[in-house]
Amino acid sequence: MKRLLLLGIMSVLFLTACSKSGEVDAMSRYGNTIDDFEVINQEDETYIQDNMEGKVWLVDFIFTHCTTVCPPMTNNMVSVVQDLEDDGVENFGVLSFSVDPKRDTPEQLQEYIKAYHVDELDTEWQFLTGYDYDFIRGFSEKNFKTIVAPPPEGSDQVTHGTSFYLIDENGKILKDYSGVDSGDKRFPKEEIVEDVKKLTKNL
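The sequence shown lines up with residues -17 to -1, 1 to 186 when you count with mature numbering (1 follows the signal peptide of the UniProt record, and there is no 0).
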């Protein structure tokens, strides 16, 4: 009996040691490390995958001429960042990849940033462009399992996913969240905030 009790206590201690408070389990379709990339940001400066090292990141795919899902997506991301900043969370940032890089010049991205008051935030938020359409289509599909498709005939609206993605400090893609309320899916702001807090706790 004593031996069984001792084994039980040891098992509990082992499980506790393996369950770090700073961990967020990866969804089964993720767990991959984001590919290397070299692009430019809103300041017309080169931005590469290595710049992500040591921070937790939220990622989305948007474009500045979007008239449907991008405005609420960006507003929702701003809301997440504001909550994290209010709670004193550091060592995280946001990457917004343009799915319309031909039109989304650095100057155009800066206008978008001002329109959504992103420039009033303290958090690093990179708006990325400087590549062609084929790059972003392949990059989004391979790394984030999401689509980017050209506008349908008679439209200038690029088709793209509305998810936010969580990446840890080592570049590992962990999970996605709905970036907008759509159908039976809801934008889970509290979950996103808590997950970022868990990952940044020991950074």
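Don't take every hint at face value.
[Unchecked claim] Dumping the calculated DSBU-like pairs for lysine-lysine here, alpha-carbon to alpha-carbon at most 35 Å:
{"hint": "1", "residue 1": "Lys128", "residue 2": "Lys181"}
{"hint": "2", "residue 1": "Lys85", "residue 2": "Lys172"}
{"hint": "3", "residue 1": "Lys158", "residue 2": "Lys168"}
{"hint": "4", "residue 1": "Lys180", "residue 2": "Lys128"}
{"hint": "5", "residue 1": "Lys172", "residue 2": "Lys184"}
{"hint": "6", "residue 1": "Lys158", "residue 2": "Lys125"}
{"hint": "7", "residue 1": "Lys168", "residue 2": "Lys85"}
{"hint": "8", "residue 1": "Lys184", "residue 2": "Lys85"}
{"hint": "9", "residue 1": "Lys158", "residue 2": "Lys97"}
What the hints contain is simulated information worked out from the structure, not anything from laboratory work.
Structure versus earlier hints - violations, ascending order: 8
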